[in-house]
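Chains C and R, in that order, are what the protein sequence lines are. Using numbering that gives the first Met the number 0, you'd call the opening residue of the first sequence number 0 and step up by one each time. Using numbering that gives the first Met the number 0, you'd call the opening residue of the second sequence number 0 and step up by one each time.
Honestly, the hints are just simulated from the structure, not real lab data. Fair warning: there could be bad hints in the mix.
Unchecked claim - Heads up, simulated EDC-like pairs for lysine to aspartate or glutamate below, C-alpha to C-alpha not over 16 Å straight-line: (1) R/182 <-> C/87; (2) R/1 <-> C/111; (3) C/105 <-> R/67; (4) R/7 <-> C/108; (5) C/58 <-> C/48; (6) R/8 <-> C/86; (7) R/8 <-> C/11; (8) R/197 <-> R/165; (9) R/58 <-> R/11; (10) C/31 <-> R/11; (11) R/8 <-> C/106; (12) C/105 <-> C/81; (13) R/145 <-> R/180; (14) R/148 <-> C/86; (15) R/176 <-> R/144; (16) R/7 <-> C/113; (17) R/192 <-> R/165; (18) R/176 <-> C/86; (19) R/7 <-> C/15; (20) R/12 <-> C/108; (21) R/216 <-> R/25; (22) R/197 <-> R/51; (23) R/176 <-> R/143; (24) R/145 <-> R/183; (25) R/145 <-> R/173; (26) R/168 <-> R/141; (27) R/147 <-> R/183; (28) C/105 <-> R/6; (29) R/1 <-> C/113; (30) R/12 <-> C/15; (31) R/1 <-> C/18; (32) R/54 <-> R/110; (33) R/8 <-> C/48; (34) R/7 <-> C/106; (35) C/70 <-> R/183; (36) R/148 <-> C/87; (37) R/192 <-> R/173; (38) R/145 <-> C/44; (39) R/8 <-> C/15; (40) R/54 <-> R/183.
So you can see what is in the structure, the chains are spelled out below.
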Amino acid sequence: MHEGAIAQSVVDILRDIKDQNGLLSITSATLKVGAVSGVMIDALEFAFEAIKKEESFIKDATLNIINVNVKARCNICNKIYEFDNTDDLIMICPDCQMPLTIINGKELEIVDVEGG
Amino acid sequence: MKRIVVEKKILEKNDDIANQIKNLLDKNRIFGLNVMSSPGAGKTTLIEQTVEALKPQYKIAAIDGDLDTQRDAQRIAALGIEAIQINTSGTCHLDSSMVQKALDHISLDLDLLIIENVGNLVCPASFYLGTHKNAVLISTPEGDDKVKKYPTMFNVADVVLINKMDIAKFVNFDVKKVENEIKELNPNATIFKISALKNEGLRPFLDWIQTNINLVKNQ
Numbered sequence: 000m001h002e003g004a005i006a007q008s009v010v011d012i013l014r015d016i017k018d019q020n021g022l023l024s025i026t027s028a029t030l031k032v033g034a035v036s037g038v039m040i041d042a043l044e045f046a047f048e049a050i051k052k053e054e055s056f057i058k059d060a061t062l063n064i065i066n067v068n069v070k071a072r073c074n075i076c077n078k079i080y081e082f083d084n085t086d087d088l089i090m091i092c093p094d095c096q097m098p099l100t101i102i103n104g105k106e107l108e109i110v111d112v113e114g115g
Numbered sequence: 000m001k002r003i004v005v006e007k008k009i010l011e012k013n014d015d016i017a018n019q020i021k022n023l024l025d026k027n028r029i030f031g032l033n034v035m036s037s038p039g040a041g042k043t044t045l046i047e048q049t050v051e052a053l054k055p056q057y058k059i060a061a062i063d064g065d066l067d068t069q070r071d072a073q074r075i076a077a078l079g080i081e082a083i084q085i086n087t088s089g090t091c092h093l094d095s096s097m098v099q100k101a102l103d104h105i106s107l108d109l110d111l112l113i114i115e116n117v118g119n120l121v122c123p124a125s126f127y128l129g130t131h132k133n134a135v136l137i138s139t140p141e142g143d144d145k146v147k148k149y150p151t152m153f154n155v156a157d158v159v160l161i162n163k164m165d166i167a168k169f170v171n172f173d174v175k176k177v178e179n180e181i182k183e184l185n186p187n188a189t190i191f192k193i194s195a196l197k198n199e200g201l202r203p204f205l206d207w208i209q210t211n212i213n214l215v216k217n218q
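Only chain C is shown next, with the shape it has when bound in the complex (with noise of 0.2 Å):
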C-alpha cells in the first residue's frame, strides 16, 4: 500500500501551491495515473479520504483522476500501439520486431488544481 504515501505526496505538493497562491483551501485537483505507474486508483483514493480529516485545508477537496493507457513506439517503423489492459503489453512491434518504447503509461502527475 504505498498509495498511502503517494497520496501524502500529494497532499504535500497541494500545500505548496495553496501557500504560493495565497489560497485558503484547495477544492479540486486532477491528477493523470498511468496504467504501469504502480498505483492503484481505488487504494489512493482511500488514502487521500484517510488524510484530509486531518488536514482542512483539503476538506472539501476532490481528486478527479485521469487514467492514462500505455501506449508505446517502435523506433524503427514509427508506428504506435495503444494497449487499453495492462494484461495484452506486448512491448514488441509486431511488424519489426524490436523492443517498443513506451511513451504514455508511467504518469503519475498533478495536473492542475482549483482552489480560493
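Let chain C serve as the given structure and place chain R on it in line with the hints.
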C-alpha cells in the same frame, strides 16, 4: 475560485533526491544496484552469494530495507562488508530519502553498492532510488503467473533472475512461459536462471555486475 495549472510529478521530491544519489554514486564511481522481489524469493541469499564471489576483487557495501528486524543486514555484514539496515516501520518500499540517510553511514570508497529493497513486487517499482540498474528476482515456488500480474515491476527491471531453478519441476513452474512473458513485457531485460542457495548459474549474473562496475568506473 482559481484554477492553477501545475503539471508536476507527484514523486518529484523522491526523484530529486534519487538524482542526488545518482550523482554521488557517479562522482565516486560506484555501481548502484537495486534488488527487488516478493518476500522470500531469495534476495538476501543472492546478495550473500554475490558478495562472497566478488569481495576478493571489489569493495562492496549493502543497504537492506525491511519492515522490521536487523536480520538481513546482519547476514550480509557477517560476510565482512559494510551493511546498513533500514527499518521502514511498516512502509512497504524504500524511498530515496531513506537511502540518502543510510548513505551518510557508509564509506564511499566502494565499487559496488547493493540495495536490497523491501520484499514486495508492487510498491518498490514506483520509487526511483538513484541506482544505475534494477534487478528483479522471481522464484519458482511463487508460481509462474507473476510477470503479467506485476507489469510495473517487470517493466522497470534491467535484469530478471529466476531463482530456485533447482525445484522448478517440483512446483510445476513453466520456465519457457515465464521467459516469454518477460520478453513480451520488457524485451530489453536480461534473464538469468539461477539457484542462489545452491550457488548454481550465478556466473553470468556476476559477469553482468562486473561489466557494469567497469562501465561506471570508466565513464
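Evaluated hints:
1. Straight-line distance between C-alpha atoms of residue 182 of chain R and residue 87 of chain C comes to about 13 Å, which keeps the hinted pair within the 16 Å bound.
2. Distance check on the hinted pair: residue 1 of chain R and residue 111 of chain C sit about 10 Å apart at the alpha-carbon level, within 16 Å; holds.
3. Simply put, residue 105 of chain C and residue 67 of chain R have alpha-carbon atoms about 30 Å apart, too far for the 16 Å limit, and the pair is violated.
4. Between the alpha carbons of residue 7 of chain R and residue 108 of chain C the distance comes to roughly 5 Å, so the proposed pair stays at or under 16 Å and holds.
5. For the hint linking residue 58 of chain C to residue 48 of chain C, the alpha-carbon distance of about 9 Å falls within 16 Å, and the restraint holds.
6. With a CA separation close to 26 Å, the supplied pair residue 8 of chain R and residue 86 of chain C exceeds the 16 Å bound.
7. Proximity of residue 8 of chain R to residue 11 of chain C is assessed by CA-CA distance (about 12 Å); at most 16 Å being required, the pair is judged to hold.
8. Between residue 197 of chain R and residue 165 of chain R the CA atoms are separated by roughly 8 Å; this keeps the pair inside 16 Å, and the hint holds.
9. Using a Cα cut-off of 16 Å, the hinted pair residue 58 of chain R and residue 11 of chain R is violated, with the two alpha carbons roughly 32 Å apart.
10. A C-alpha spacing of about 14 Å is found between residue 31 of chain C and residue 11 of chain R, which places the hinted pair at or below 16 Å, so the restraint holds.
11. Restraint check for residue 8 of chain R and residue 106 of chain C: satisfied, since their Cα atoms lie roughly 8 Å apart, inside the 16 Å limit.
12. A C-alpha spacing of about 13 Å is found between residue 105 of chain C and residue 81 of chain C, which places the hinted pair at or below 16 Å, so the restraint holds.
13. Taking the CA atoms of residue 145 of chain R and residue 180 of chain R, the gap is near 10 Å; set against the 16 Å cutoff, the hint holds.
14. Note on residue 148 of chain R and residue 86 of chain C: the hinted pairing holds, with a Cα-Cα distance of about 8 Å set against a maximum of 16 Å.
15. For the given pair, residue 176 of chain R sits about 9 Å from residue 144 of chain R by alpha-carbon distance, which is consistent with the 16 Å threshold.
16. Proposed proximity of residue 7 of chain R and residue 113 of chain C is supported: the alpha carbons are some 15 Å apart, at most 16 Å.
17. This hinted pair checks out: residue 192 of chain R and residue 165 of chain R have alpha carbons roughly 10 Å apart, not beyond 16 Å.
18. Our distance criterion of 16 Å between C-alpha atoms is met by residue 176 of chain R and residue 86 of chain C, whose separation comes to about 15 Å.
19. At roughly 12 Å between alpha-carbon atoms, residue 7 of chain R and residue 15 of chain C fall within 16 Å of each other, so this suggested pair holds.
20. Pair hint residue 12 of chain R plus residue 108 of chain C holds up; C-alpha atoms about 12 Å apart against a cutoff of 16 Å.
21. At most 16 Å may separate the alpha-carbon atoms for a hinted pair to count; residue 216 of chain R and residue 25 of chain R meet this at roughly 8 Å.
22. At most 16 Å may separate the alpha-carbon atoms for a hinted pair to count; residue 197 of chain R and residue 51 of chain R meet this at roughly 13 Å.
23. Distance hint between residue 176 of chain R and residue 143 of chain R is fulfilled; the C-alpha atoms sit about 8 Å from each other, no more than 16 Å.
24. With a CA separation close to 14 Å, the supplied pair residue 145 of chain R and residue 183 of chain R stays within the 16 Å bound.
25. Among the hinted pairs, residue 145 of chain R with residue 173 of chain R is consistent with the structure: their alpha-carbon atoms are about 12 Å apart, no more than 16 Å.
26. Taking the CA atoms of residue 168 of chain R and residue 141 of chain R, the gap is about 13 Å. The hint holds against a cut of 16 Å.
27. About 10 Å separates the Cα atoms of residue 147 of chain R and residue 183 of chain R, which keeps this hinted pair within 16 Å; it holds.
28. With a C-alpha separation of about 14 Å, the suggested pair residue 105 of chain C and residue 6 of chain R falls inside the 16 Å cut-off, and the hint holds.
29. Under the criterion of a C-alpha separation no larger than 16 Å, the hint pairing residue 1 of chain R with residue 113 of chain C is consistent with the structure, at around 5 Å.
30. Taking the CA atoms of residue 12 of chain R and residue 15 of chain C, the gap is about 13 Å. The hint holds against a cut of 16 Å.
31. Between the alpha carbons of residue 1 of chain R and residue 18 of chain C the distance comes to roughly 13 Å, so the proposed pair stays at or under 16 Å and holds.
32. Of the pairs offered as hints, the one joining residue 54 of chain R and residue 110 of chain R holds, with about 10 Å between alpha carbons and a cut-off of 16 Å not exceeded.
33. As the CA atoms of residue 8 of chain R and residue 48 of chain C are separated by approximately 20 Å, the hinted pair breaks the 16 Å bound.
34. A distance of roughly 10 Å separates the Cα atoms of residue 7 of chain R and residue 106 of chain C; the hinted pair therefore holds under the 16 Å criterion.
35. Restraint check for residue 70 of chain C and residue 183 of chain R: the C-alpha separation of about 15 Å stays at or below 16 Å, so the hint holds.
36. Distance restraint check for residue 148 of chain R and residue 87 of chain C: the Cα-Cα separation of roughly 11 Å lies within the 16 Å cut-off, and the hinted pair is therefore satisfied.
37. With a C-alpha separation of about 13 Å, the suggested pairing of residue 192 of chain R with residue 173 of chain R holds against the 16 Å cut-off.
38. A distance of roughly 26 Å separates the Cα atoms of residue 145 of chain R and residue 44 of chain C; the hinted pair therefore is violated under the 16 Å criterion.
39. As the CA atoms of residue 8 of chain R and residue 15 of chain C are separated by approximately 14 Å, the hinted pair is consistent with the 16 Å bound.
40. For a cut-off of 16 Å, the pair hint linking residue 54 of chain R to residue 183 of chain R is broken: about 35 Å separates their Cα positions.
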